[in-house]
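> Spelled out from the first residue to the last, the chains are:
Protein chains: 2
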Amino acid sequence: MGGDLKHLVIVKFKEGVVVDDMKKGLEKLASEIEAVKSFEWGEDMKSEEMLRQGFTHIISMTFSSAEDFTGFLGHPSHVEFSAAFSTAIEKILVFDFPTVVVKASA
Amino acid sequence: MGGDLKHLVIVKFKEGVVVDDMKKGLEKLASEIEAVKSFEWGEDMKSEEMLRQGFTHIISMTFSSAEDFTGFLGHPSHVEFSAAFSTAIEKILVFDFPTVVVKASA
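Residue numbers (UniProt numbering), protein chains in the order written: chain A, 1 to 106; chain B, 1 to 106.
It does not matter which identical chain is used: a pair holds within one copy or between any two.
With a cut-off of at most 20 Å between alpha-carbon atoms, the simulated SDA-like pairs for lysine to any residue come out as follows:
(1) K91 <-> S47
(2) K23 <-> V100
(3) K14 <-> G54
(4) K103 <-> S77
(5) K103 <-> E27
(6) K12 <-> G54
(7) K24 <-> V102
(8) K12 <-> F55
(9) K12 <-> L93
(10) K23 <-> V102
(11) K91 <-> E49
(12) K12 <-> F85
(13) K103 <-> S38
(14) K28 <-> K103
(15) K12 <-> M50
(16) K12 <-> E49
(17) K23 <-> V101
(18) K23 <-> L93
Think of the hints as simulated: they come from the structure by calculation, not from any bench. Treat the numbers as computed from the prediction; the structure is a model and nothing was measured.
Excised from the complex, chain A in its bound form (with noise of 0.2 Å):
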């Protein structure tokens, strides 16, 4: 498990917006390219407000390596999904790192 990059993405959506199109969207885009080694996604519905300051959603996704998650940002279908997911945000964070596993699952 170590060694992975991490992108993550954490966004508040425009009021008016479908969610459930947008989640389709991204399973679609993690089954669609290999280089996708994990996806995973949340819905924020018990930290305290104060501390989430409006974020809502939070997208996961680990790549084995630095080429893989350059070959993702590039990919055709990311390219299209992220100029419509762009339009969906009111705002947005992303982090980029690698993983640091100090407990893994049992």
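Based on the hints, put chain B in the right spot on chain A.
Chain B alone, transformed into the frame defined by chain A:
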């Protein structure tokens, strides 16, 4: 892998904070408290500054159940560490959410 709860903490440390000490504290916490199912951290060095808004470190823990997570929050070691941690951070985001695994690592 499905059904886990994720506790995602994103921070910017204050200037002068010895980040390694924070990491050691977190590692100790994750190893001491059995309820912590997995623990990863990362330091963002790749995304665009504009997209990360000054945040630099990502801490990600998973728990098997809401009970485990609640137990973690109230654990004396967590309470003690949180007090020290909160003095070291300039800003913080916290997200707690059930993870939905769409594509799992092979």
